[in-house]
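Asks: Can you make the complete structure from the sequences, with help from the hints?
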Amino acid sequence: MDTPVKSIKDIPLDEILLPGTPACAGCGGLLTLRHCLKALGENTVIVNAAGCFTLLSIYPFTPFMSSWLYTAMACAPAGAQGVRDALDILIKKGRLGSEEDLKVVVLTGDGAAYDIGLASTSGALYRNLDFYYICYDNEAYGNTGFQWSGATPFASKTGTTPPGKTVPTGTLTNKKNLFEIWRSHKPPYLATISPAHPVDLYNKFKKAEQYKGPKLFIALSPCPPGWATDPSHSVNFAKLAVDTGIWALKEAILGDVKHTLIPRKFKPVENYLKEQGRFAHLFKPIRQEETIRKIQEMVDEYWKEVGI
Amino acid sequence: MGKMREMLTGNSAAAWGVRLAEIDYIPAYPITPQTEIIETLAKWISDGVMDTRMVTMDSEHSMITAAGAASATGVRTFTATSSQGLLYGFEMLYTVAGWRVPLVMVNVSRGLSAPITLEPDHNDILSARDSGFLQIHCETCQEVLDSILIAYRLAEDERILLPILVNMDGFHLSFTREPVEIPDMEDVRRFLPPYSPKHAFFKASQPMAQGIAVLGGPIYSYFKYQIHLACMKGLEVYKEISKEFENIFGRRYDTLEGYMTDDAEYILIMSNSFSTLGKAAVKRARERGIKIGLLKLRLLRPFPEEDLKNAIKGCKAVAVLDQNIGIGKGGILYPEITSAIYNEQKRPMLLSFIGGLGGKNISESEFDFIFDNMIKAAETGNAPPPQLLYTETEWNEMEKLKKMAGRRY
Ligand SMILES: Cc1ncc(C[n+]2csc(CCOP(=O)(O)OP(=O)(O)O)c2C)c(N)n1
Ligand code: SF4
Ligand SMILES: [Mg+2]
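Here the protein sequences line up with chains U and Z, keeping their order.
Residue 1 is where the first sequence starts when you use the working numbering, and the numbers rise one by one after that.
Residue 309 is where the second sequence starts when you use the working numbering, and the numbers rise one by one after that.
A few of these clues could be false.
[As the list claims (entries may be wrong)] Pair by pair, the computed Cβ-Cβ distance ranges are: (1) Z:V357 x U:N128: 25 to 33 Å; (2) Z:P338 x U:I91: 47 to 55 Å; (3) U:G94 x Z:L537: 32 to 40 Å; (4) Z:F677 x U:P60: 57 to 65 Å.
[Claimed, not checked] 20 Å max Cα-Cα, derived PhoX-like pairs, lysine-lysine: (5) Z:K599 x U:K93; (6) U:K38 x Z:K511; (7) Z:K599 x Z:K684; (8) U:K206 x U:K250.
FYI, nobody ran anything at the bench for these hints, they're computed from the structure.
Every residue, glycine too, gets a C-beta built ideally from N, C-alpha and C.
Replies: And the structure:
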């Protein structure tokens with residue numbers, strides 16, 4: 001493994017994901033992906049599931065320097081299995097030189113990762129498939145206009161969990177704990193990442209490189225249209241999520257969890273919530289004190305449980 | 309290995325076809341009555357007689373995805389399923405056809421739930437008829453083995469580059485032993501050269517985007533038309549290939565198979581293993597002096613419209629025996645055949661029958677009923693509405709079961 005980089009200046013300048021995509025301005029997922037690909041390099045094949053990023057490659061254009069295969073919504077990890085196995089077979093049988101090998105990278109949103117693709121992911125993890133998984137988690141079905149997914153946080157507003165007279169809270173469920181679901185398969189490498197922390201992100205990919213088997217990444221990814229936030233503030237929100245403790249940056253190597261970036265002093269979650277349109281109903285027309293407190297308590301509880 | 313003759317089930321004949329085609333990769337998922345195929349292959353792989361990688365996937369949806377993706381990376385891939393499994397993976401049938409990959413998949417037909425059953429009819433396979441997979445339907449175990457070899461040749465032909473489904477009936481073929489000639493490996497290699505695609509690969513030296521999105525109807529239509537035209541081209545290419553197959557192996561497989569059709573005034577159209585019952589019925593009717601023949605549909609996609617027209621030219625009445633049911637309309641193949649001949653100047657009366665659902669037997673009396681109806685229709689010029697075949701004995705048995713189940717009506 002290379003020595004970890006210390007500053008953003010040490011991250012390669014080469015771009016694998018080129019500008020000019022149809023993604024929204026300020027898309028946190030796209031920024032995440034850009035950093036991830038810098039760490040992964042050119043020799044990758046990205047296996048994608050239905051979501052916003054499906055529209056990155058539109059015939060006859062692709063913004064990637066690398067290869068791409070769009071599958072369907074539930075089965076990108078199965079597509080990765082087919083590609084990985086085929087590359088291994090071709091190399092083993094001498095029909096492809098080993099210099100032609102590619103890293104197989106699954107790229108999906110949270111809807112695919114947390115919900116419809118959970119079984120196909122579990123299968124790939126269980127079979128110890130040698131691949132990367134990047135989940136850009138914007139906490140809802142973004143491409144269809146931002147509806148509730150298993151990743152949607154408590155008390156946020158989505159198209160299918162709108163706050164109203166009978167349900168002023170909006171979403172009543174808590175965010176599913178995908179990290180723990182994935183961790184239960186004991187993959188060699190698993191981490192959460194943030195586009196606001198490219199150095200942490202880059203080093204995690206570099207560390208993951210040494211392992212054969214599943215290397216998994218979940219990135220909390222601000223989504224201006226869905227979160228109803230200013231596109232120029234996406235990185236701030238990604239950073240606030242970490243600073244408030246809502247998004248814990250951590251890694252798990254063969255199941256052993258370590259937090260990689262613990263805020264010295266946690267900011268109140270309210271700082272993170274109050275500027276986002278999807279939480280606006282918690283503050284106006286009346287302040288939903290108890291709900292805000294509950295969110296703070298859940299975050300406190302998490303950090304208490306992990307002993308910090 | 310020279311050629312051999314063995315008693316094989318339809319499933320083991322399929323496995324032999326796969327073995328001879330020197331498949332690189334098999335993603336699999338169990339389902340009755342197909343499982344014996346993948347178990348047989350798994351054993352051969354484990355014993356080292358096949359240099360193939362096999363992976364049991366988490367579902368048929370994943371299985372077809374992995375198969376398509378591997379094919380898109382450049383390896384020869386096989387998979388198999390049946391009924392519920394085919395429907396579970398349905399989304400991916402259209403997808404991998406759109407990827408233009410020459411995957412070959414066996415479907416062992418089984419009636420669709422509910423009610424759940426293990427026995428065959430063709431609603432499963434016919435649901436995939438518009439997906440872009442070519443379809444070859446088999447009556448015998450030999451046909452299953454041979455069709456797999458033909459299917460790879462056809463699918464991998466640069467004029468086609470589409471996946472193919474090879475179909476056989478569950479139980480009636482999958483578990484029935486018949487004598488099968490297992491071809492010589494060297495002959496197979498002559499017929500089916502190694503797969504080295506120019507269009508499907510992922511490699512470092514040449515990045516490639518596959519399966520990508522399009523914006524706008526004209527681009528979408530262009531690619532869909534391409535798939536359709538390539539599939540239609542399959543009619544001509546199939547004939548070339550089956551000729552070559554005949555030259556090497558001495559067995560002939562036309563797009564349709566006529567049995568006693570040459571001078572026939574009446575023709576019964578069927579497909580798959582129940583055709584054997586139909587042939588026996590036709591033979592009996594011939595003995596009674598009825599000039600009848602049977603036309604077995606083999607290549608169902610692309611649909612051999614011209615061959616069909618020629619085969620039934622000049623006959624008085626044709627009956628289509630659909631072993632499937634398009635709920636709310638009737639037999640699925642009947643309208644396909646109707647539309648194929650509609651614009652002909654002289655066309656026979658066309659009758660529709662549905663039978664053999666969920667493996668229900670088609671008895672001699674039912675065949676005779678069909679033949680009587682054809683003759684009557686030809687005489688009177690009136691065709692009866694589509695008819696659901698069911699015998700009185702079956703009816704009485706059912707009444708008994710209903711009583712046991714506590715139903716009084
Ligand atoms: C089987 C299937 N069901 C539903 C859809 C519709 N669909 C397309 S994209 C999408 C949202 C995906 O959400 P997510 O995975 O979170 O990615 P995002 O759109 O947020 O990037 C949905 C529901 C589909 N394409 N396929
Ligand atoms: S909707 Fe959200 S996730 Fe999708 S492209 Fe726009 S900003 Fe990115
Ligand atoms: Mg999403």
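Asks: Any hints this thing doesn't respect? Which numbers, in order?
Replies: 2, 5
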